[in-house]
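The residues making up each chain are set out below.
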Amino acid sequence: MSAAEREPVAPQGLDPGSFRDRGSRVVTGAKGIYRLLGERAAEEWKALSATKFYERFRSAEQVVATQEADLSPSLRSHAGGPWKAALRHEAVPFVSYPYEWSFSMLRRAALLQLELLDAALVEGMTLKDASPFNVQWIGARPVFIDVASFERWRPGEAWTAYRQFCQLYLYPLLLDAYKGVAFQPWLKGSLEGIDPADFSRLMSWRDLMRPGVLVHGVLQARMSACHAGSERNVRRELRDAGFGSELIRANVRRLLRLIQRLTPRRAASAWSDYTSQHGYAASELAQKEQFVRRAVMARPRRLVWDLGCNRGFFSRVAAEAADYVVAVDADQATVDLLFGELERESHGRILPLVGDMADLSPARGWRGRERKSLWDRGRPDLTLALALVHHLVIRANIPLGELVEWLASLEGDVVVEFVTKDDPKVRALLRNKDDQYADYSREQFEAHLARWFRIAAREELGSRTRILYHAELNRR
Amino acid sequence: MPSNQEVFGLGMHVITQATMVTSGAVWGYLDPGSGGILLQVLLGGVAAVGVLLKLYWNRVRAIFGGAKPPSGPMEKEPP
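From first to last, the protein sequence lines are chains A and B. Position 350, counted from 1, in the first sequence is what this note's numbering calls 350; the numbers after and before it change by one each time, with no gaps. Position 33, counted from 1, in the second sequence is what this note's numbering calls 33; the numbers after and before it change by one each time, with no gaps.
In case anyone wonders, no lab produced these hints; they're calculated from the structure. Because the structure is a prediction, the values reported are computed rather than measured. All C-beta atoms, glycine included, are put in the ideal place defined by N, C-alpha and C. One or more hints might be untrue.
Computed from the model, here is a short list of chain B residues facing chain A with C-beta under 7 Å [unchecked claim]:
hint: 1; residue: Tyr-29
hint: 2; residue: Leu-30
hint: 3; residue: Ser-34
hint: 4; residue: Gly-36
hint: 5; residue: Leu-39
hint: 6; residue: Gly-45
hint: 7; residue: Ala-47
hint: 8; residue: Ala-48
hint: 9; residue: Val-51
hint: 10; residue: Lys-54
hint: 11; residue: Leu-55
hint: 12; residue: Asn-58
hint: 13; residue: Ala-62
The following residues of chain A were derived to be distant from chain B, with all beta-carbon distances above 12 Å [to be verified]:
hint: 14; residue: Arg-76
hint: 15; residue: Ser-131
hint: 16; residue: Ala-161
hint: 17; residue: Phe-243
hint: 18; residue: Gly-378
hint: 19; residue: Glu-417
hint: 20; residue: Glu-446
Starting from the given sequences, assemble the full structure and let the hints guide the process.
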């Protein structure tokens with residue numbers, strides 16, 4: 001089944017996160033994602049759809065596939081307002097947010113944003129915002145989803161979204177590239193990104209010499225502070241002074257060159273060198289691979305989550321049969337390596353994301369509905385939790401029973417690995433800790449599983465310290 | 001080392017500070033920030049030099065009554 005045919009995974013109705021741009025709203029319908037357009041937005045859409053660059057990016061599938069749709073009464077009923085037109089978008093298989101992306105993913109999305117703006121300006125259009133929430137992924141390919149962001153450029157108009165671009169793309173990337181600080185917690189903490197003043201305070205005198213910091217960061221913060229509260233009509237001033245779109249393009253090209261050169265500064269982590277083979281004999285790995293393959297193929301799988309995916313070995317096994325795999329790992333460097341491999345392969349069915357299983361993305365924003373929690377963006381019908389349980393119980397202190405209950409709450413089947421206390425990996429975790437994990441035993445694990453699942457298959461690996469379970473949810 | 005553009009940008013910042021140029025236009029659904037708008041003139045490369053000179057020349061003329069003052073109510077958005 002292609003992505004186009006796949007039914008949207010989000011619940012139907014008004015998208016609560018689409019309120020910011022008053023000119024349009026997004027509605028999830030039975031047959032896809034719809035965008036309602038007001039009068040002006042409808043005119044901008046007409047202008048956009050006549051451009052060559054839109055056709056070029058759409059053909060390359062870098063802008064979401066979009067068709068004009070009937071503005072039916074049922075669509076109108078979801079969102080009040082004087083709507084004039086409706087568009088139907090192809091749904092992406094799984095929605096993700098920039099605080100779940102690795103460095104290279106945010107950089108790739110930033111480049112797409114700038115490439116689109118540059119191409120738009122050549123044909124007399126611009127982008128009124130620069131939010132990474134407008135970029136989604138089909139596997140390792142970024143797709144710009146908000147066609148209502150395009151509007152005709154008006155003489156004298158600066159790049160309205162320049163500051164937003166800095167706050168949500170540039171500063172997070174620079175923070176990682178220059179200071180070795182992961183941006184994901186910052187973006188998870190603030191949907192507006194990093195303020196220019198805060199970014200400036202984080203930079204040392206030495207950092208002022210690094211490309212982009214002085215002008216895009218410090219100078220912007222200083223000028224914003226100096227010019228706050230004035231009532232001048234700068235737009236007319238700029239127009240009278242002959243401000244043209246070529247000035248914006250010069251800035252955009254400068255940013256493109258800057259961002260293309262950025263690399264993550266943080267050294268490879270212990271996990272980024274950890275291959276799936278680590279800790280296994282070759283025969284055990286083959287045994288585990290076959291077990292996972294059989295479980296995935298036991299029934300049609302629309303969406304598989306691979307939690308603690310590492311370099312994605314088992315995500316790839318799952319992707320052989322499943323429609324789509326969301327591969328999550330807490331280690332940013334590892335996810336970045338996986339993304340790089342998938343991007344080189346143009347892989348379209350594995351989405352790599354950064355996420356700590358003990359603290360997955362919560363709901364965020366206005367009324368806690370603007371950005372959904374990870375589990376509200378589409379439940380997996382199969383979850384892989386391989387070499388994960390011992391980390392969550394012994395490292396993160398999550399009670400074993402609660403962990404199994406949480407796996408059951410995902411409403412799908414699981415392939416889960418239990419590693420006993422005799423295993424060297426578990427002994428290493430306990431080396432400097434008091435063993436207060438009396439609940440951590442194979443017997444108790446199986447008892448917890450039996451409460452929610454039916455064990456369809458069970459297999460000990462050769463070492464006998466690792467047991468694999470294919471457990472099917474008891475469906476009431 | 002900072003690029004020529006960055007040195008140029010810092011120099012222009014000193015100028016804007018010294019002349020107390022202020023601004024505050026807001027349009028669209030995002031507030032681009034007045035400082036951010038003016039900064040974009042400085043980031044416009046070679047083409048920006050003429051625009052920058054004209055921007056300040058218009059302001060000087062406005063002070064001496066030689067041109068319409070640039071401040072005033074926001075224009076109506078085009079339909």
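Here is how each hint holds up against the structure:
Hint on B/Tyr-29 holds. Least Cβ distance to chain A is approximately 5 Å, under the 7 Å limit. A distance limit of 7 Å between C-beta atoms decides the matter here; for B/Leu-30 the minimum to chain A is near 5 Å, and the interface restraint holds. The criterion of a C-beta within 7 Å of any C-beta in chain A is met by B/Ser-34, whose closest approach is roughly 4 Å, and the hint holds. Annotation: interface hint on B/Gly-36 holds; nearest CB of chain A at approximately 4 Å, less than 7 Å.
Hint status for B/Leu-39: holds, given a least beta-carbon distance of 5 Å to chain A, under 7 Å. The beta carbon of B/Gly-45 is positioned within 7 Å of a beta carbon in chain A (closest approach about 3 Å), and the interface hint is therefore held. Residue-level restraint check for B/Ala-47 holds (minimum Cβ-Cβ distance to chain A is 5 Å; threshold 7 Å). Contact between B/Ala-48 and chain A, as hinted, is supported at the beta carbon level, the nearest pair being about 5 Å apart and thus within 7 Å.
Against a cut-off of 7 Å between C-beta atoms, the interface hint on B/Val-51 holds, since the closest Cβ of chain A lies about 5 Å away. Proximity of B/Lys-54 to chain A holds as hinted, the smallest CB-CB distance being about 4 Å (cut-off 7 Å). The beta carbon of B/Leu-55 comes within 4 Å of a beta carbon in chain A, closer than 7 Å, and the hint placing it at the interface holds. Given hint, B/Asn-58 at the interface with chain A, holds; its Cβ is 6 Å from that chain's nearest Cβ, closer than 7 Å.
The restraint placing B/Ala-62 at the interface with chain A is violated, with a minimum CB-CB distance near 9 Å, outside the 7 Å limit. At roughly 22 Å from the closest C-beta of chain B, the C-beta of A/Arg-76 stays outside 12 Å, upholding its exclusion from the interface. Not every beta carbon of chain B lies more than 12 Å from that of A/Ser-131, the smallest distance being close to 9 Å; the non-interface claim is violated. A beta-carbon of chain B comes within 12 Å of the beta-carbon of A/Ala-161; the shortest separation is about 6 Å.
A/Phe-243, annotated as away from the interface, has a beta carbon of chain B within 12 Å; the closest lies near 5 Å. Every CB of chain B lies more than 12 Å from the CB of A/Gly-378, the least distance being 29 Å, so the non-interface label holds. In this structure A/Glu-417 is separated from chain B by more than 12 Å, as the shortest Cβ-Cβ distance comes to about 47 Å. The non-interface label for A/Glu-446 is consistent with chain B: the shortest C-beta to C-beta separation is roughly 55 Å, beyond 12 Å.
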